[in-house]
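Protein chains: 2
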Amino acid sequence: MIQRSDPIGVFDSGVGGLTVLSALRNRFPAENYVYLGDTARLPYGTKSASTVERYAVNAAGHLASHGIKLLVVACNTASSYALDALGATVPVPVVGVVEPGVRAALATGARRIGVIGTEGTIRSNAYQDTLADRAPSVEVDAAACPLLVPLAEEGWGDHPVTDQVARHYLAPLLDWGVQTVILGCTHYPLLRQSLQRVVGPSVELVDSAKAVAETVAQDHHALTSTGGDGEGAVRIELTDASDRFLRITRAILGSAPEQLEVVDIDRA
Amino acid sequence: MIQRSDPIGVFDSGVGGLTVLSALRNRFPAENYVYLGDTARLPYGTKSASTVERYAVNAAGHLASHGIKLLVVACNTASSYALDALGATVPVPVVGVVEPGVRAALATGARRIGVIGTEGTIRSNAYQDTLADRAPSVEVDAAACPLLVPLAEEGWGDHPVTDQVARHYLAPLLDWGVQTVILGCTHYPLLRQSLQRVVGPSVELVDSAKAVAETVAQDHHALTSTGGDGEGAVRIELTDASDRFLRITRAILGSAPEQLEVVDIDRA
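Each protein sequence line maps, in turn, to chains A and B. Residue numbering for the first sequence follows my numbering, beginning at 1 and increasing consecutively. Residue numbering for the second sequence follows my numbering, beginning at 1001 and increasing consecutively.
Source of the hints: derived by calculation from the structure; they are not laboratory data. There's no promise every hint is true.
[Unchecked claim] Just so you have them, the derived chain B footprint on chain A, three or more residues with Cβ under 8 angstroms: (1) 159-169; (2) 204-213.
[What the hints assert, rightly or not] Cβ pair distances, simulated, as ranges: (3) B/1112 x A/155: 47 to 55 angstroms; (4) A/217 x B/1112: 55 to 63 angstroms; (5) A/171 x B/1247: 15 to 23 angstroms; (6) B/1262 x A/176: 35 to 43 angstroms; (7) A/171 x B/1129: 12 to 20 angstroms; (8) B/1262 x A/61: 50 to 58 angstroms; (9) A/174 x B/1193: 24 to 32 angstroms; (10) A/132 x B/1155: 50 to 58 angstroms; (11) A/109 x B/1200: 51 to 59 angstroms; (12) A/175 x B/1218: 35 to 43 angstroms; (13) A/103 x B/1176: 49 to 57 angstroms; (14) A/4 x B/1193: 55 to 63 angstroms.
Note that CB positions come from ideal geometry on N, CA and C, so glycine has one too.
Throw the hints in and build the complete structure from the sequences for me.
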């Protein structure tokens, strides 16, 4: 029996999905959350579909054991490769990042939409196929940007090297006349300053974090206790807690998390 | 009972350790080899000591089941954090990359030695402590270079962005007057052109791959069948085989490997 006070589970391969958690908390502050970052096995974006699916199913099973009422897959690679498998694994609704990102991009009215993400996300064609399905007349192009996650994790979100790397990856999209770019990776909002500089002011960047919160509000209204008072609890679980991940966690959340625990899920 | 014809096991978190395998094959062509790259869980370099040790012990156990006669830990992070644990896990001699790299660096006669590597390798102080132990009068400084592995994997070994990033990381060592730099990561030989450009012709770069082959020749002479004729067999096992890893494998080996298998070791 699902209770309104049950937590919302948020899953990512690492700590980039905390950008999605933050957007959800802004929108639904009274909710309780449990976040799982699979930092011991990240990144997912360079790995094969079968490995990503195996890891994601294992992680979702762990979150389900917390009695979550909704699973938000705040990882583009897992959303792209494993959403069906996750839907079959957990007994609650599953929201990925692809569908919300597509909706938000189409809402901009752009006729030429670009998608950037990890190699896995782009190769899966999840964004491209969903866009083609929802708006067949819109033109779509995509670019894998493998170096952007390491740059975001290094804290180089506003750095000349990041501008140069982003220009390298985005040049074909810009030459083609892209109007809206979907940031198809939860790390990319951390690079927003560099990315916006590279694409220029007339190209809109769609941040899937906000789009996910919007989708939860629209599609899962009955589950969210927005009427509640005060702030819900947030529990963060990581499968590895190196200094690096803790530093990025603080950078995204703006402060050290109150409840953080290291969990071992790969023997589950 | 160890046989001369038993394979040498080579272990790395990913495919960077193939640079060590290549150096070993050049030196001992008649040997049989089995290489394990833990590509499903890489990178190790950003993760904590306890996670690295757990993964490395698991991987070494898998290699031991192949009946290896010698284990070469071709991963600087695992060599730094887990060499003792590995020595206690496998019933054969274990050679890491740290000791050979230190020997090779001291052989250059440098008085100021720099070490570059992943965050994990540098934070472990393994190189710094070993250098201090072997040559107390030599001055040592170190720099973590987290972006260099992604740049190597992207194939940007000779690229202006790599020069810029390397300059950023190496500037303090160069200002200090470094004379020899230990490449404390098996990926870094792939960036040799950029790195040599940045440090200039008078600074020597020590490649641990060659140093490891030298140490095996010196310390484990009885185990290597250099007298044999012909070429030994090479078996490559990866825990994940995405296109990315296969591409890098081909780049390092110069051709597609003859025997490559994907293995699942994390449930072992």
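Hints, verified against the model:
With 5 residues having a Cβ less than 8 angstroms from any Cβ of chain B, the region 159-169 of chain A passes the three-residue criterion, so the hint holds. Here the region 204-213 of chain A counts 0 residues with a CB under 8 angstroms from a CB of chain B, which misses the bar of 3, and the coverage is violated. Checking the proposed 47 to 55 angstroms range against residue 1112 of chain B and residue 155 of chain A shows it is violated: the Cβ atoms sit about 29 angstroms from each other. Checking the proposed 55 to 63 angstroms range against residue 217 of chain A and residue 1112 of chain B shows it holds: the Cβ atoms sit about 60 angstroms from each other.
Distance hint for residue 171 of chain A and residue 1247 of chain B: a CB-CB separation of about 22 angstroms, consistent with the stated range 15 to 23 angstroms. Between residue 1262 of chain B and residue 176 of chain A, the C-beta spacing of about 36 angstroms keeps the proposed range 35 to 43 angstroms intact. One distance hint, 12 to 20 angstroms for the beta-carbon pair residue 171 of chain A and residue 1129 of chain B, is violated here, with the actual separation near 46 angstroms. Against the hinted window of 50 to 58 angstroms, the Cβ-Cβ separation of residue 1262 of chain B and residue 61 of chain A comes to about 23 angstroms, which falls outside the hint.
In this structure the hint that residue 174 of chain A and residue 1193 of chain B lie 24 to 32 angstroms apart at CB holds, the actual value being about 29 angstroms. The hint said 50 to 58 angstroms for the Cβ distance between residue 132 of chain A and residue 1155 of chain B, and at roughly 30 angstroms that hint is violated. Checked against the hint of 51 to 59 angstroms, the C-beta distance between residue 109 of chain A and residue 1200 of chain B comes to roughly 53 angstroms, which is consistent with it. Between residue 175 of chain A and residue 1218 of chain B the beta carbons are some 56 angstroms apart, a value that contradicts the proposed interval 35 to 43 angstroms.
One distance hint, 49 to 57 angstroms for the beta-carbon pair residue 103 of chain A and residue 1176 of chain B, holds here, with the actual separation near 54 angstroms. Taking 55 to 63 angstroms as the suggested C-beta distance range, the pair residue 4 of chain A and residue 1193 of chain B conforms, at roughly 60 angstroms.
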